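Enquirer: Sequence:
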Amino acid sequence: MSERVGPAVTLGLLAAWALNDIEELATMDRFTRERLPVLRARLPRVPERIWRSMATVDGREFAVAVGVMGAIVAAAAADGHRTGGRSAFYRTTLDGFGLHGLVHLAQAAATRGYTPGVLTSPTVVVPFTLWARTRLRRAGALPPARPRDAVRGLALAGAATVVSHTLARRLMARTGRRPVPGRSHRP
961 MSERVGPAVT
971 LGLLAAWALN
981 DIEELATMDR
991 FTRERLPVLR
1001 ARLPRVPERI
1011 WRSMATVDGR
1021 EFAVAVGVMG
1031 AIVAAAAADG
1041 HRTGGRSAFY
1051 RTTLDGFGLH
1061 GLVHLAQAAA
1071 TRGYTPGVLT
1081 SPTVVVPFTL
1091 WARTRLRRAG
1101 ALPPARPRDA
1111 VRGLALAGAA
1121 TVVSHTLARR
1131 LMARTGRRPV
1141 PGRSHRP
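1078 is the number that this note's numbering gives to position 118 of the sequence shown; each next residue is one higher, with no gaps.
Please keep in mind that the hints were generated in silico from the structure rather than gathered at the bench.
Remember, predicted model here, so these are calculated numbers, not experimental data.
Do not take every clue at face value.
[What the hints assert, rightly or not] Taking CB as the label site, the calculated pair distances span: (1) L1065 x V1111: 13 to 21 angstroms; (2) G966 x L1003: 39 to 47 angstroms; (3) R1097 x A1001: 43 to 51 angstroms; (4) A1023 x E994: 13 to 21 angstroms; (5) Q1067 x R1130: 25 to 33 angstroms; (6) R1097 x W1011: 40 to 48 angstroms; (7) S1013 x R1108: 23 to 31 angstroms.
A virtual CB, placed ideally from N, CA and C, is assigned to each residue, including glycine.
Go ahead and model the full structure; you've got the sequences and the hints to work with.
Expert: As structure tokens, then:
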């Protein structure tokens, strides 16, 4: 029996994403300030340039990057709503969102502690993704899962993250607000 794909399935992606990113926004500064030095000492094989890049993202730049990502997710959710969940952009974004939740869980396990986004990953991100995929499948809007779908989802999530941070960095540079390494500039 085929079900209709309602707005909770498609536009709900934006709501679930917002809950996850609110957690990230609320905790990133403290995590960067308190946990990065501990992780840097515990994981000496991680290249120094990675630690530096993580330490130089200030709160405002991160917030702008979240806003850019929000626009991407909103566009995917709207496209999913417009097509009744049949949009490849929406489905790939949904897959990337769910898989990114698993990445948060893996990061927390690897670092043996809290990482931004890990609380809402098992409570919002992963459950929403599984629920939405079930609803899409029941409506006949989701083809059978293939490994390449997971690769596409992770690739889209990674690319969107790079684009979001690149645009945020450029916007911050235009306003003359350059981050100071290791210091938050959140108002």
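Enquirer: Could you tell me whether the CB distance from R1097 to W1011 stays inside 40 to 48 angstroms?
Expert: 42 angstroms, holds
Enquirer: Please check whether A1023 and E994 have a Cβ separation lying inside 13 to 21 angstroms.
Expert: Distance hint for A1023, E994 holds at roughly 19 angstroms.
Enquirer: Has the hinted range 23 to 31 angstroms been met by the Cβ atoms of S1013 and R1108?
Expert: 29 angstroms, holds
Enquirer: At the C-beta level, are L1065 and V1111 separated by a distance inside 13 to 21 angstroms?
Expert: 19 angstroms, holds
Enquirer: Does the beta carbon distance between R1097 and A1001 stay inside 43 to 51 angstroms, or does it fall outside?
Expert: 46 angstroms, holds
Enquirer: Does the Cβ-Cβ separation between Q1067 and R1130 fall within 25 to 33 angstroms?
Expert: This hint holds: roughly 26 angstroms between Cβ atoms.
Enquirer: Return holds or violated for the Cβ distance of G966 and L1003 against the range 39 to 47 angstroms.
Expert: 44 angstroms, holds
Figure legend: structure checked against the earlier numbered hints; every hint is met.
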